[in-house]
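Please work from the sequences and hints to get the whole structure.
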Amino acid sequence: MIWDWGYTFEILPVLAKASIVTIEATLLGFVLAAVLGLVFAILRMSDNPYIGIPTAGIVEFIRSTPLLIQIFFIYFVFPEFGVTLNALTAGVIALGLHYGTYCSEVYRAGIEGVPRGQWEAATALNLSPYDTFKDIIIPQAIPPVVPALGNYLVALFKETPLLSAIAVLELMQTAKILGSQTFRYTEPITLVGLFFLVMSLVSAAAIRALERHLDRRYAR
Amino acid sequence: MQLRPIVFTAIVCFAAGLWVASFAGFREFLPGLLNGTVVTVQITLGGAALAVVAALVAAMGKMYGVGPLRWIAVAYIETFRGTSALVQLFWLFFVLPHFGVSLDPVPVAILALGLNVGAYGAEVVRGAVNAVPRGQWEATVALNMSRVLALRRIILPQAFVAMIPPWGNLFIELMKATSLVALISVSDLTFRARQMNDITFRTIEIFTIVLVIYLAISIIITVAMRTLERYAARGQGRGRRA
Chain F
1 MIWDWGYTFE
11 ILPVLAKASI
21 VTIEATLLGF
31 VLAAVLGLVF
41 AILRMSDNPY
51 IGIPTAGIVE
61 FIRSTPLLIQ
71 IFFIYFVFPE
81 FGVTLNALTA
91 GVIALGLHYG
101 TYCSEVYRAG
111 IEGVPRGQWE
121 AATALNLSPY
131 DTFKDIIIPQ
141 AIPPVVPALG
151 NYLVALFKET
161 PLLSAIAVLE
171 LMQTAKILGS
181 QTFRYTEPIT
191 LVGLFFLVMS
201 LVSAAAIRAL
211 ERHLDRRYAR
Chain L
1 MQLRPIVFTA
11 IVCFAAGLWV
21 ASFAGFREFL
31 PGLLNGTVVT
41 VQITLGGAAL
51 AVVAALVAAM
61 GKMYGVGPLR
71 WIAVAYIETF
81 RGTSALVQLF
91 WLFFVLPHFG
101 VSLDPVPVAI
111 LALGLNVGAY
121 GAEVVRGAVN
131 AVPRGQWEAT
141 VALNMSRVLA
151 LRRIILPQAF
161 VAMIPPWGNL
171 FIELMKATSL
181 VALISVSDLT
191 FRARQMNDIT
201 FRTIEIFTIV
211 LVIYLAISII
221 ITVAMRTLER
231 YAARGQGRGR
241 RA
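Quick note, the sequences are listed as chains F and L, same order.
Numbering (our numbering) for the first sequence: 1 to 220.
Numbering (our numbering) for the second sequence: 1 to 242.
Derived by calculation from the structure, the hints in this document are not laboratory data.
Careful, some of the hints might be misleading.
Calculated Cβ distances over 10 Å to all of chain L for the following chain F residues [unchecked claim]:
#, residue
1, Gly6
2, Thr8
3, Asn48
4, Trp119
5, Pro147
Listed next, with one range per pair, are the computed distances between beta-carbon atoms [to be verified]:
#, chain 1, residue 1, chain 2, residue 2, range
6, F, Arg217, L, Ala216, 44 to 52 Å
7, L, Ala216, F, Ser46, 25 to 33 Å
8, L, Leu69, F, Val202, 25 to 33 Å
9, F, Phe81, L, Asp198, 18 to 26 Å
10, L, Leu103, F, Leu194, 16 to 24 Å
11, F, Ser46, L, Leu143, 48 to 56 Å
12, F, Gly52, L, His98, 52 to 60 Å
The beta carbon of each residue, even a glycine, is placed where N, CA and C say it ideally should be.
Below, the structure is given as structure tokens:
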């Protein structure tokens with residue numbers, strides 16, 4: 001018998017508990033990514049080449065190197081500089097940083113989509129750069145890109161199993177431990193796969209609904 | 001990637017290389033890392049080849065397949081896009097043997113990553129084929145071409161040009177995803193990095209070099225795809241130059 005239902009129901013509560021850690025890491029990571037992304041986007045658009053180009057370089061560097069190495073880097077290298085982080089924190093920072101660079105491109109598209117007249121009006125009204133961004137540009141730039149950000153939320157969610165590499169007790173790590181205890185990998189790993197599949201399909205549907213809602217509201 | 005950040009990062013890489021070369025004893029770990037790089041490149045190339053084939057087949061299945069063929073293509077695309085690459089890798093590595101299919105880690109790695117990226121690629125192919133103007137299809141009908149001939153001679157060559165930039169991004173994603181294969185004990189660059197770190201404890205140097213090597217591969221992919229794009233766009237009446 002390849003599939004054992006008794007065993008399946010036995011491990012289901014354990015996996016359900018572990019999924020909470022996965023969701024925690026996803027949400028914390030995404031909050032970090034959303035904030036960092038905006039910071040990267042604004043710095044990259046800076047007129048000062050000493051800010052704009054290095055920021056662009058850093059963003060491209062983080063985007064072109066694997067997340068797993070970045071997780072290892074933060075977990076293993078930071079302690080050498082005196083910053084010791086626990087596994088979950090290191091993982092969340094790595095996820096947030098990596099996806100922050102993806103989000104920054106999304107924000108940049110949003111900001112560039114704001115009509116030039118809005119910038120000129122802000123100049124005409126003598127608003128400071130800070131007020132221009134806070135009150136004029138950001139409120140118009142972000143709503144249209146929310147679905148794109150949502151896609152990255154799903155992508156980030158699907159990357160959380162990488163945290164198992166630094167022994168965060170999330171879904172994948174728990175499934176691996178269950179597998180190594182009983183030598184039955186079929187059920188735990190298949191259940192983890194199904195969990196991700198269901199969550200992704202549900203969130204994809206949610207993003208489509210959100211997109212329709214935004215389309216109506218902003219009459220695009 | 002735009003050009004200026006590439007130049008900037010290349011300069012930073014070069015500086016990092018000089019910095020690394022100034023370490024005494026980097027010869028202890030550098031050969032190991034280079035061996036790992038070779039494995040990483042092999043898996044990237046193998047995965048890329050499989051991904052392109054899988055994407056073309058799945059996209060054709062989804063668009064023109066009949067009944068069950070179409071369902072299989074859709075199920076494949078949704079399953080591989082909807083679950084994590086790591087979960088797929090572990091599934092193929094740990095679960096397939098229970099069904100009597102035992103593969104070595106490297107073929108599993110190529111299979112998992114190729115199929116994963118292929119599922120994303122299928123949507124790229126579909127988008128590019130749909131973007132070919134309708135008139136082109138109508139013209140093939142007017143010329144009494146069969147559907148296969150029309151796809152092969154008229155539609156796909158035009159779609160191909162539009163596909164190249166998104167495929168470049170996918171290949172970089174694939175290259176980044178190859179780091180996961182270290183977790184099923186393939187001795188790629190990431191695996192070697194951890195191994196060398198356990199032996200020499202030169203944590204900062206090793207992980208910095210590894211990041212720079214991955215960056216270098218991704219820059220090579222970007223430049224190669226740019227070149228390919230220029231060649232493919234020739235004679236298509238697109239792009240800046242003929």
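Each hint tested on the structure:
1. Distance check for F/Gly6 against chain L: the nearest CB is about 17 Å away, which clears 10 Å, and the non-interface claim stands.
2. Taking the minimum C-beta to C-beta distance to chain L, about 14 Å, the non-interface status of F/Thr8 holds against the 10 Å cut.
3. Every Cβ of chain L is farther than 10 Å from the Cβ of F/Asn48; the closest lies at roughly 14 Å, confirming the non-interface assignment.
4. With a least beta-carbon separation of about 22 Å from chain L, F/Trp119 lies farther than 10 Å from that chain, consistent with its non-interface assignment.
5. Residue-level check passed: F/Pro147 sits 16 Å from the nearest beta carbon of chain L, beyond 10 Å.
6. Look at F/Arg217 against L/Ala216: about 45 Å separates their beta carbons, and that is inside 44 to 52 Å.
7. Checked against the hint of 25 to 33 Å, the C-beta distance between L/Ala216 and F/Ser46 comes to roughly 27 Å, which is consistent with it.
8. Range check, L/Leu69 to F/Val202: Cβ separation about 27 Å, and the 25 to 33 Å hint holds.
9. Judged by the Cβ atoms, the range 18 to 26 Å given for F/Phe81 and L/Asp198 holds: they are separated by roughly 20 Å.
10. Distance hint check: the CB atoms of L/Leu103 and F/Leu194 are about 23 Å apart, consistent with the given range 16 to 24 Å.
11. Hint check: F/Ser46 to L/Leu143, Cβ distance near 55 Å, so the stated range 48 to 56 Å holds.
12. At about 54 Å, the CB distance of F/Gly52 to L/His98 agrees with the hint of 52 to 60 Å.
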